[in-house]
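Participant: Taken in order, these protein sequences are the chains called A and B. Mapping of the first sequence onto the numbering used here: residues 1 to 308, in sequence order. Mapping of the second sequence onto the numbering used here: residues 1001 to 1452, in sequence order.
Don't read these hints as lab results, they were simulated from the structure. Since we're looking at a predicted model, the values are computed, not measured. One thing to keep in mind: the hints can contain errors.
Claimed, not checked - Here are the simulated distance ranges between beta carbons:
| # | chain 1 | residue 1 | chain 2 | residue 2 | range |
| --- | --- | --- | --- | --- | --- |
| 1 | A | Lys-290 | B | Asn-1093 | 34 to 42 angstroms |
| 2 | B | Ser-1025 | A | Ala-89 | 35 to 43 angstroms |
| 3 | B | Ile-1392 | A | Gln-205 | 42 to 50 angstroms |
| 4 | B | Asn-1181 | A | Lys-28 | 40 to 48 angstroms |
| 5 | A | Lys-213 | B | Gln-1097 | 36 to 44 angstroms |
Said to hold, decoys possible - With a straight-line Cα cutoff of 30 angstroms, these simulated DSSO-like cross-link-like pairs (lysine-lysine) come out:
| # | chain 1 | residue 1 | chain 2 | residue 2 |
| --- | --- | --- | --- | --- |
| 6 | A | Lys-290 | B | Lys-1209 |
| 7 | A | Lys-81 | B | Lys-1321 |
| 8 | B | Lys-1384 | B | Lys-1321 |
The C-beta atom is built at its ideal place from N, Cα and C for all residues, glycine as well.
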Amino acid sequence: MGFFEKLGLKKLTKGLEKTASSLKDNVKKALLHKKLDEKTCAELEEVLIRADLGAPLADSLISSLRKEKFEQDISYEEVQKHLSTGIAARLNPVAQELNLPTDKKPIVLMMVGVNGSGKTTTIGKLSQIFKENGKKVMLAAADTYRAAAVEQLNIWAKRVDVPIVKPEKEGADPASLLFKAYETAKQENVDILICDTAGRLQNRQDLMAQLEKMVRVLKKQDETAPHASLLVLDATVGQNAHQQVEAFKEIAGVTGLIVTKLDTTAKGGVVVALADRFSLPIHFIGVGEKVTDLRPFDAADFAKALLE
Amino acid sequence: MFDQLSGKLKTVFDNLSGRGRLSESDVDEALRGVRLALLEADVALPVIKHFMEEVREQAVGESVLKAVKPSEQIIKIVHDGLVNVLGTGEDLNLRMQPPAVILMSGLQGSGKTTTTAKLAKRLKEKDNKRVMLASLDIYRPAAQEQLAVVAKRVGVDSLAIIEGQIPTDITKRAITEAKKNGYDVLILDTAGRHEIDQTMMDELLAVKKIAAPAETLLVADGLTGQVAVDIATAFNDKIGVTGIILTRMDGDGRGGAALSMREVTGQPIKFLGMGEGLDALTPFEPERLAGRILGMGDVVELVEKAQQVVSEEEAEAMQEKMMSGKFNLLDLKKQIQAMQKMGSLSDLMGMMPGMGAMKDKVDPSKLDDKMLVRQIAAIDSMTKIERLNPHILNAKRRKRIAAGAGISVNDVNKLIKSFETMQTAMKRIKKMGGLGALANMMGGGGKMPFMK
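Isolated chain A (complex conformation):
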């Protein structure tokens, strides 16, 4: 689709810079010994672990640094370059634009994730981007569970000025709501239907079964739907992100990730390990609560920011 390019977004965010600064101090501190000795390696590994990269990945990155530079003099810049190259190499393949089919109408986009990860807010921001690119957007408020979730999405719909399909009553079946939303979107010649879903923990079998049903219902109307199933990950999450991706991928056929709340001190480093393991594209990062706070994911920037 490629219409995100022309937005010309400033990619490196204030949030990421903030994230980076503390790491930068740590890396610098670790390099006080100048030489890449055991102690420095251990400290550098800690820097990576504290960024939530996870112990195995941190170990592998430091091992490769050791192989080349052990017991040699090394500068901060060299370490940074080596590590960020290693990280970017893992992120590059997954830094992909959100590619949506051109021959489907409506294109169905589904947002999934655990509670509180930022699905609804992200939908608000995405709608704005699609709309600015001349697309006719419709929202489906299929989080019929959480109190006032429908109202929250409704406010976003008004803000961005897009139509919304809402359940008739609280606690309605989200799958039937999606059915209705699809019908409506088709009738009204909508380009993109974005479906909000209730947050659910991936080990809750009942709720995951419900999600599976929602996907099934969409497939009945268009067997290629949902055309994108986006898992929204909170950057503050730790190693549990692995289980989240695994489960949502299996149940909801996740096609890509969005990492939110990167304007915090959270490093979101777990996505590097996720990229390594699942090879799922990362499309966007969320860096704030405003409608404009959704940016394309850039591997080099992310890697650099993690260590700079």
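On the provided structure of chain A, position chain B as indicated by the hints.
Facilitator: Showing chain B alone in chain A's frame:
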């Protein structure tokens, strides 16, 4: 993970038994495994380092007990250390002139509003308090409505929403209302905020000054990673926290954030959010969480339960009987009953070391609690002679027993089969002559009578 951890520790310590004391290098080797387990559980690194030093100090030089394996001993030291750091669960401290104010704080999406409702429900139902809720979240769309809806669901009042009012003014109004109408507790739900957002943290501090809360609770996502220390430190330093509530603890996260937050703030963990239902708020129990963080299931609980249910003499007598080959169906019945007292089979599975992770993968239909009931019924329908001499149970007798117990002949067959398997195993152990071997069989490997 426990399998990995205990496996690692086992290799390290296999040659250790009988060597007297845990040496420094033994302990270091073992602690490397523990460190990885803690990292995987998202315990923050600085907290791990500090913790490991303490554990190391304790473990080095410790006499190796004869009764347990050295690897188990290390796990026990680590476990007890974790319990110690986690501290005891504490209830809310609301002893003050009503209305006692509870201020809820935390990042966006940590679960403050849902937790506010859960707390209100608990205070109302368990402590008979009159509770009012007020939302100061003027930022997230529909946040105030959300609180009003959940307040209604749990049957407590919420402050009327006045559009455009700022948080400090809402606070003042809430306190006036609460005083006027004689509420015991006022819970202030606030907007999510990042700990580095100075403006928002200042706002929270201003609210706190007005509210003079009895409790300032930090609500944090139990799935939080390494950043847990930064979040907790910042909230504690900037606004002063009196307790922590960890949410989403019904997930499959290992909950290391709890340890990190408790350690850096020194404040107690008061509750755990265990689900979306509005009564899914449970008091914090350090033992359980320690087991979970280590990924070892509730070993402690299993041991304790087993101790409660089977007295030691009873267990010894049973063991002797088994070893002498005189074990009969009456003894099997006693065993089954002891097992029933310990809880459902899937509960027991979760408590067994190494089985915790498997719990979800085991087909629950294969863990049939009713099977135990059927087996007891079968034994009860036998004659005394049959119970003592199971080998005489021919087809005719089995048919009669099945009819008497209201079960199928197949069930009777299964019972006899597992009894025979146990008997054969017993004989084998007798030949090997080791009680240790018996313990191994009972711990795993040996097919227990409740497995189909």
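Participant: State for each hint whether it applies.
Facilitator: Results of checking the hints against the structure:
{"no.": "1", "hint": "A:Lys-290 to B:Asn-1093: 34 to 42 angstroms", "in the structure": "38 angstroms, holds"}
{"no.": "2", "hint": "B:Ser-1025 to A:Ala-89: 35 to 43 angstroms", "in the structure": "37 angstroms, holds"}
{"no.": "3", "hint": "B:Ile-1392 to A:Gln-205: 42 to 50 angstroms", "in the structure": "46 angstroms, holds"}
{"no.": "4", "hint": "B:Asn-1181 to A:Lys-28: 40 to 48 angstroms", "in the structure": "57 angstroms, violated"}
{"no.": "5", "hint": "A:Lys-213 to B:Gln-1097: 36 to 44 angstroms", "in the structure": "52 angstroms, violated"}
{"no.": "6", "hint": "A:Lys-290 to B:Lys-1209", "in the structure": "29 angstroms, holds"}
{"no.": "7", "hint": "A:Lys-81 to B:Lys-1321", "in the structure": "69 angstroms, violated"}
{"no.": "8", "hint": "B:Lys-1384 to B:Lys-1321", "in the structure": "18 angstroms, holds"}
Checked against the numbered hints above, the structure breaks hints 4, 5, 7 and satisfies the rest.
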